[in-house]
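> Based on the hints, put chain B in the right spot on chain A.
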Amino acid sequence: MALEIKWGDHVVNTSNEAAFVEFQRVQKSYDGETLVVKDLNLSMPKGEFLTMLGPSGSGKTTCLMMLAGFETATHGEIILDGQPINNIPPHKRGIGMVFQNYALFPHMTVAENLAFPLEVRGIDKSDREAKVQRALDMVELGAFGARRPAQLSGGQQQRVALARALVFEPELVLMDEPLGALDKQLREQMQFEITRLAHELGITTVYVTHDQTEALTMSDRVAVFEDGRIQQLAPPDQLYEEPENSFVAQFIGENNTLTGKLKSIDGGTCIVTLDSGEEIDAKPVNVERPGERTRISIRPERVEFDMKRLKKGSHTLKAEVKEFIYMGDIFRTRLSVAGNDNFIVKTRNAPNQVRLTPGTQIEIGWQPEDCRALDA
Amino acid sequence: MATLTDDSAFGADDRLTTADGKPLKAALARAEARAKRRAFFLVLPLFLFVLITFIVPIGQMLHRSVHNSGFTLHTDIGSKVQTPIMVNLRDWFDNNPRGTEPDEAAFEALAADLVVLREVKAAGQAGTRINYELSGTRSMFTKAARKAPKLEAPFAAAILDLDEDWADPELWAAMRDASSAYTMNFYLAAVDLTRDTDGFVAQVDEKRRLYKQLFVRTLLLSLLITGLTFVLAYPIAHMLATLPLRYSNLLMILVLLPFWTSLLVRTTSWMVLLQSQGVVNDALVGTGVLADDSRIQMMYNQTGTIIAMTHILLPFMVLPLYSVMRTINPSYVRAAKSLGATSWTAFRRIYFPLTVPGIGAGALLVFILAVGYYITPALVGGADGQLISNLIAFHMQKSLNWSLAAALAGLLLGGILILYWLYDRLIGIDNLKLG
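Sequence lines, in order, name chains A and B. Numbering of the first sequence is given in my numbering, commencing with residue 36 and proceeding in unit increments. Numbering of the second sequence is given in my numbering, commencing with residue 278 and proceeding in unit increments.
With the rest of the complex left out, here is chain A:
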């Protein structure tokens, strides 16, 4: 559906599927010896909210800085709205940016901070004041224009930084871990507010974080970075449910892994012989030949211990209950399965849910499509 939102003077057409931001074979090295970003290819349509997620040192911030123009790509092209921007200085790129520490100018009031990008663009005073006020109202800080950044709370500063990045109506906004310094409750509120604004205004957003919850809840698509490469680029649900490799499976959400060898493969399912000698069903993802080593991955909430619900002929595993943790809405049970003492099972706190006592021997299994056989 084409959604048109009027923001300032330009109309943003969110149905535009043509690439708005594109990384083409981008590489980056700081010292000429190691690559921080290795062969990055990425294409974003207009209006998308894309999150770069990854552990520190994975190259995600470097990518953002290259897009903003503060770092130059060692190799490859970055294309913005059809234009290669490698040689365009940051101030001419017209990209809004929210910094990790907000970078609000401490010697200016909130209103002066917001007026700054308009001033350097030569917008006259009355226009400027109107736009500043509108941007402040947008982040619900209309009455705070005369304050200094130091007089605001962390959450308010964050919102001012957001308003400042948006006030000059950029089509692309970059955010570098903008919620890192806030407490949990404020962070959740801001996550919602940022996504709301981004979608309302139809802005294309690149968001960098190492917090997977943030990535999953806010984004249209998430790019998981590791070792200078995008390991998987997918919408959040796909990322969680269909990780393409062990790193993504481990990094996103909680995950149980068991290692073994591929025994046989039959179309959509395969049988894996675990290192303990037991056999179990899984879905082959990036394993092909029997005998290959594999790491199978199963989400804690997809483990079944009611054998009646499994398909006939399904393989099961023996497990010993090690610990039972009551967490209110869920129960978290730690099992010892096939030599792994940290096998977690999550069950919903439903009226007739079993509460397993430590020491009990049980049998567990799963639907083959829930368990993914990945690279070892």
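Hint data in this document are derived by calculation from the structure and do not stem from the laboratory. Wrong hints could be hidden among the right ones.
Unchecked claim - Label pairs and their computed distance ranges (CB to CB):
| no. | chain 1 | residue 1 | chain 2 | residue 2 | range |
| --- | --- | --- | --- | --- | --- |
| 1 | B | P607 | A | E276 | 37 to 45 angstroms |
| 2 | B | L567 | A | P124 | 41 to 49 angstroms |
| 3 | A | P90 | B | P630 | 22 to 30 angstroms |
| 4 | A | R60 | B | V556 | 27 to 35 angstroms |
Note that the Cβ used here is the ideal one computed from N, Cα and C, for glycine as well.
For chain B alone, coordinates are given in the frame of chain A:
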């Protein structure tokens, strides 16, 4: 806060009390007394040191600038016996208003005082005091005192017989001024003013004006040197603040190197470089840029003072700037650029304003040091590169007119305090960041 407190914690007059009814403030003071006493004893040595070596000497100096007992009191060097001198003349001055022609009584009093001067050997001291006001008079006193016992009435004729100049009304005005130990005359002299024979403040003879011009020169040169150190130090400090630590440490050593070298060595090396037969001139002549007979005079004049002092005071500008710049997060400038500012605008609107506390501290430090600088101008300044402190030193060491030296120093101190106050009003002393 009272509403939040339990009712039982209130005394009769609504003051907070402890659980057993004692006033809270007294209890707090008692509880903290020990810690406070200990803290006081820890700072006591420093306090005494500052008092003895700083506050007392400055107080004495300021006192000396308005007080000189050279014409009123003689202290024997050996026995420490104090003898009032010029007592009779002082009586005459008290009984006769300013402008009265010295009569026979006046000369009689002078003769009696000259006898005392001879007895306690204070003629030189009294003469020196009058000599400060009117040069060439010291010998009149020593000569007259030597002959004092032989003087007989009529004293006026007898004394004038020794030297005609004893009738000079300026001399009598000077003696009248000097006959009270407390005087503002030294401050007047320090700004090229004097009292005429009628006691009115007047400018000194044009040929003898010196100090006002020197104060102005000191001020202008100090401002110039402050400006030069700022221009030189700002880029260095920026570079130091932005380079990786291992490089910036090395550079910092180079900046601090002048600190670790003796001031004299640094100044004399400038002399070696800049004098007319020095390295720089030789190089220019050698390469044919200059003719041998048109060597540039860069030493023993203002140029020499400016170059050498700028170099010596540079670290005092670099260090405060560096310490402030290091705390400026680079993301401010990045933010400005991402918001559309060119590098120049980002510098002018964001970076520069954030460094103002460092600039203020550095400029104040360099300026105050420059205003009181002594050794460098003395060595390389020549005639027109002398600063006010060189004159203060001259009066301390050569002319021994300590009161005038103190008055000059007092004016310098006052001027700096005024500048400090102005700085506080304009920029705010809270904004001063030295490190």
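> With reference to the structure, classify each hint as holding or not holding.
Checked hints:
{"no.": "1", "hint": "B:P607 with A:E276: 37 to 45 angstroms", "verdict": "41 angstroms, holds"}
{"no.": "2", "hint": "B:L567 with A:P124: 41 to 49 angstroms", "verdict": "44 angstroms, holds"}
{"no.": "3", "hint": "A:P90 with B:P630: 22 to 30 angstroms", "verdict": "37 angstroms, violated"}
{"no.": "4", "hint": "A:R60 with B:V556: 27 to 35 angstroms", "verdict": "57 angstroms, violated"}
Violated hints, listed in ascending order, are 3, 4; each of the other numbered hints is respected by the structure.
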